[in-house]
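**Student:** Build the complex from these two chains, which are given one at a time in their own frames, with help from the hints.
Line order of the protein sequences matches chains L and W. Residues 6 to 255 (this note's numbering) make up the first sequence, in order. Residues 16 to 287 (this note's numbering) make up the second sequence, in order.
These aren't lab readings, by the way, just hints derived from the structure by calculation. Just to be clear, a hint being listed does not mean it is correct.
Straight-line Cα separation of at most 20 Å, EDC-like style, residue types lysine to aspartate or glutamate; simulated pairs [what the hints assert, rightly or not]:
hint : chain 1 : residue 1 : chain 2 : residue 2
1    : L       : LYS139    : W       : GLU41
2    : L       : LYS121    : L       : GLU19
3    : W       : LYS102    : L       : ASP135
4    : L       : LYS34     : W       : ASP98
5    : W       : LYS75     : W       : ASP87
6    : W       : LYS75     : W       : GLU259
7    : L       : LYS121    : W       : GLU93
8    : L       : LYS121    : W       : ASP87
9    : W       : LYS158    : W       : GLU145
Only a predicted model underlies this, so the values are computations on that prediction, with no experimental measurement involved.
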Amino acid sequence: MLDLLKEPVLAVQEFFLLAGGALRNIFRKPHYGDDIALQMDAIGVGSLPIVVAIGFFSGAVMALQMAAALAQYGQVGRTGMIVSLTLVRELGPVLTAVMVAGRNASGIASELGSMKVTEQIDAMRALGTDPVQKLVTPRLLATGFMLPLLTIIADFVGMVGGWLIGVMYLNLTTRQYWSSAWRALEWWKDVTQGLAKPVVFAVVVALIGCFYGLRTTGGTQGVGRATTQAMVAATILIFVLDLMITKIFV
Amino acid sequence: MPERSDTPILKFEDVTVAFDGEPALENVSFEAYEGESRVILGAAGSGKTVLLKAALGLVKPESGRICAFGNDLTAMREGELSDIRAKMGMLFQESALFDSLNIEENVAYPLLNQRSIHCPREQVHPRVVEALDFVELGETLEKFPSELSGGMRRRAAIARAVVTAPPLMLYDSPTAGLDPITAHTIMALVIKERDTARTTTLMVTHRFQDGNVMANFRYNSEQGRLELARNGEALHTTFMVLREGRLIFEGGQDRLEASEDPYISRFVKHRE
Ligand SMILES: Nc1ncnc2c1ncn2[C@@H]1O[C@H](COP(=O)(O)OP(=O)(O)O)[C@@H](O)[C@H]1O
Ligand SMILES: [Mg+2]
Numbered sequence: 006m007l008d009l010l011k012e013p014v015l016a017v018q019e020f021f022l023l024a025g026g027a028l029r030n031i032f033r034k035p036h037y038g039d040d041i042a043l044q045m046d047a048i049g050v051g052s053l054p055i056v057v058a059i060g061f062f063s064g065a066v067m068a069l070q071m072a073a074a075l076a077q078y079g080q081v082g083r084t085g086m087i088v089s090l091t092l093v094r095e096l097g098p099v100l101t102a103v104m105v106a107g108r109n110a111s112g113i114a115s116e117l118g119s120m121k122v123t124e125q126i127d128a129m130r131a132l133g134t135d136p137v138q139k140l141v142t143p144r145l146l147a148t149g150f151m152l153p154l155l156t157i158i159a160d161f162v163g164m165v166g167g168w169l170i171g172v173m174y175l176n177l178t179t180r181q182y183w184s185s186a187w188r189a190l191e192w193w194k195d196v197t198q199g200l201a202k203p204v205v206f207a208v209v210v211a212l213i214g215c216f217y218g219l220r221t222t223g224g225t226q227g228v229g230r231a232t233t234q235a236m237v238a239a240t241i242l243i244f245v246l247d248l249m250i251t252k253i254f255v
Numbered sequence: 016m017p018e019r020s021d022t023p024i025l026k027f028e029d030v031t032v033a034f035d036g037e038p039a040l041e042n043v044s045f046e047a048y049e050g051e052s053r054v055i056l057g058a059a060g061s062g063k064t065v066l067l068k069a070a071l072g073l074v075k076p077e078s079g080r081i082c083a084f085g086n087d088l089t090a091m092r093e094g095e096l097s098d099i100r101a102k103m104g105m106l107f108q109e110s111a112l113f114d115s116l117n118i119e120e121n122v123a124y125p126l127l128n129q130r131s132i133h134c135p136r137e138q139v140h141p142r143v144v145e146a147l148d149f150v151e152l153g154e155t156l157e158k159f160p161s162e163l164s165g166g167m168r169r170r171a172a173i174a175r176a177v178v179t180a181p182p183l184m185l186y187d188s189p190t191a192g193l194d195p196i197t198a199h200t201i202m203a204l205v206i207k208e209r210d211t212a213r214t215t216t217l218m219v220t221h222r223f224q225d226g227n228v229m230a231n232f233r234y235n236s237e238q239g240r241l242e243l244a245r246n247g248e249a250l251h252t253t254f255m256v257l258r259e260g261r262l263i264f265e266g267g268q269d270r271l272e273a274s275e276d277p278y279i280s281r282f283v284k285h286r287e
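Just chain W, same shape as in the assembly (with noise of 0.2 Å):
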């Protein structure tokens, strides 16, 4: 069981998101600690992809703190941001694979062009075919992102998030518009990830499945598959609920499942 550290990994001060005056997050405070997994639910347009992109200073707060690995990022310049960023890995909604570059290509990108990370060039080809073979895409590596289904694209922009091996990854809703079955494997690669590299993980999505799935499976390494966690085995999994931009819930599976907030219970039920 991971110690929790006392300075969180990421931590949000009442921050305040807005575009052309219309607020996208409003006063949101979280701490989110090594080791730790948390489950962002909420419904379109509420402020989740917001609300990673400002952990990844890709969208600057109006007002309040972001700090992440103890830096403010509200306080940095684009430039310096990167070394930060380099420490996160995120999975984007459509998974923004680069359409110039193939496959492997779009996999050795941050090898290559994130100044923190400091790979040999002869270890970055190994080290893309390692994320690759991940995700169970080792045969794709000359097909552009334009030739790949879905859920394909999904899982070579969850290699290329994880190649550089960072110990925070965030993920923008991995499974919305996939079937059943791929949303499944998506959910399953999320989970061995964090499992295997022990990474803390930040995942959005508006489906409480996929929470569940977070909150009560582990990665057996053995089988390669997921496994219901063991009765007590704590997987230290956080669940917050977003509403138009305000966080209006923080705890964990059991306070969730228990709310009477109609708003709240509607992802609860919704179980498909």
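Extracted from the complex, chain L is given alone in its bound form (with noise of 0.2 Å):
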């Protein structure tokens, strides 16, 4: 019994060595500026399109639904309202966080996976380099910056996507959704929680990722099942985490 717990508490207490380490380092030098701009680059720039399609959606989507329950007590004005508030509070951050744990959690856990099985971590580690320093805190920062502002971006663009059923189909008018969406949000209880979400969520992403990578063992096999278990944690963690946050704001 206490063997097979040895192997998970094992593997808890290493990843907060990790993630101590990571976030130590950002305020130590060197700090590799390159680094975080590339990964800048390809966690916002290359999750941007993607984002953008499941706000849209699942703001459009949302609004056809809202309407239909608002309908039975005549409140079909009341769209914007709630669309602005789901989307903020939960579907945003939660969706965006997702669609990045699979992009991005999973890519960094293959890369430095790989990196593990050709022994390039090793050899960073002799020429001198610390591999959290140069691979992990770069990717946590990055990650950091970059969610927050894909799931603004997946905000916005999911209240434009209601916006658009709300006039092509609830006969709302612009001034009614954009106004009773708007109205709605208040800062601590929406802005704050969509946001706090977000920065999180982004550090689950990349230190999970980091943390599956840098443990990979056993070759190009070992690289793919690193890849998929890094997706999965990450977006249970998500869900997991998402609740805990939820309870502190409600």
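**Tutor:** Shown next as structure tokens:
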């Protein structure tokens, strides 16, 4: 029994050691600015099209669904409010993070995993660099910056999707939709929550990707395994943490 | 002939390295002195790579002590090891060039990142070119590792290892997976580095003939090729044999070739 628990406990401990090291390095020299920029490009710009598409369609479908429900109470005019609240609080952060987990937690895991199995990580240490400083911290910073940004974009594009549905099918005026959408948002409850979530999710996506990548063993097969595991673990953690953060704000 | 100084450059004292309870090295002890060449023979999985990584402080022993340049690596933290590692050049088995960097950036990497090297910016490029000329790859600065053949990658990795002129070179199976002609080119570079820079050399291999070249050939800088060392010219080559993590032989070529041990004679007899 104890033996069964030993491995997961050690892994969790290892994960927190990595997290501690990566966070500490943010304030330590040397800083690898080029690597941060490169990662921001890969994570942010690379994910933009898919985040825009997902945001748009989920906003649009939310508007359709909610308008049908609201019609029973004669409250179709409040569609904007419901769309903006669900997007900013929940759908924007979670869908964006799950998308980025699918693209980048697995991408990071496979990149670092192949570096691990081809001894590039060892070479890095032998040649005087700390792999955590050189590889993990830039990915953490880049994700931490880009994921909130992508979330804001997804939120906004989603509202645009809801607005199009509103004016095309629900007989709402543009003014009606946007003022209801805008007035619904409260600073603390919605905006802070809507931005705290992507920051936490970003830490999860980046660190889980790096963690599984750096502990890869067993050649190219091992890289494949690490990639899947990172994606699954990051996605599950996003939903668990989403519940916990929501509990704080509600 | 290099003098034997009294402190070894590298010393293993009863070193045991284990992964998940499985020993990869068991009670290994040896000392390597300045100017010496060591050839470490062993079958796949016998712990050769682990031995070199332990010498660099990349893996920590369960027990025993490893000293390099008079410093006890086992007592040092990761951050303190970089100055010692800067004095060792390592050729990793599969080259371990950084995929995301081109050859010039790869070879410049230790000059730019090893704190104790202190290479002025304007000297980085000339030193990279010099190192790549040394391995006869002067034309490939802009290429990426994926665009090179296995032998060329190995040569670029040698350039990256020697660019800082380390006094100790570690080679992990430099000829593994190469055709005989390419393998000979790589061995010629190993000998050339040893004889032109007077580097202490530790080479891990599963091929006896690589050890034979190491022990009996020297680099002729006038003709730019290897030649048989003249009789009586001591090249200070010691052979070591690893078997399942244990050091079962240490000594000169004569004793190695005379050994009755079936595991050892398998290496010696299997000349291609
Ligand atoms: N990072 C590691 N994790 C677990 N086992 C390892 C690791 N590195 C090496 N080993 C094991 O140690 C033994 C020796 O490996 P190695 O030194 O790579 O052999 P070789 O002589 O072929 O270079 C092998 O059984 C290998 O499986
Ligand atoms: Mg090996």
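**Student:** Run every hint past the structure and note whether it holds.
**Tutor:** To see whether the hints hold, each was checked on the structure:
1. Restraint check: the Cα-Cα separation between LYS139(L) and GLU41(W) comes to about 33 Å, which exceeds 20 Å; the hinted pair is violated.
2. Restraint check for LYS121(L) and GLU19(L): the C-alpha separation of about 16 Å stays at or below 20 Å, so the hint holds.
3. Between LYS102(W) and ASP135(L) the CA atoms are separated by roughly 17 Å; this keeps the pair inside 20 Å, and the hint holds.
4. Between LYS34(L) and ASP98(W) the CA atoms are separated by roughly 17 Å; this keeps the pair inside 20 Å, and the hint holds.
5. At roughly 12 Å between alpha-carbon atoms, LYS75(W) and ASP87(W) fall within 20 Å of each other, so this suggested pair holds.
6. The suggested pairing of LYS75(W) with GLU259(W) holds, with an alpha-carbon distance near 18 Å, which does not exceed 20 Å.
7. Restraint check for LYS121(L) and GLU93(W): the C-alpha separation of about 18 Å stays at or below 20 Å, so the hint holds.
8. This hinted pair does not check out: LYS121(L) and ASP87(W) have alpha carbons roughly 26 Å apart, beyond 20 Å.
9. Restraint check for LYS158(W) and GLU145(W): the C-alpha separation of about 17 Å stays at or below 20 Å, so the hint holds.
The structure fails to meet hints 1, 8 from the earlier list, while all remaining hints are met.
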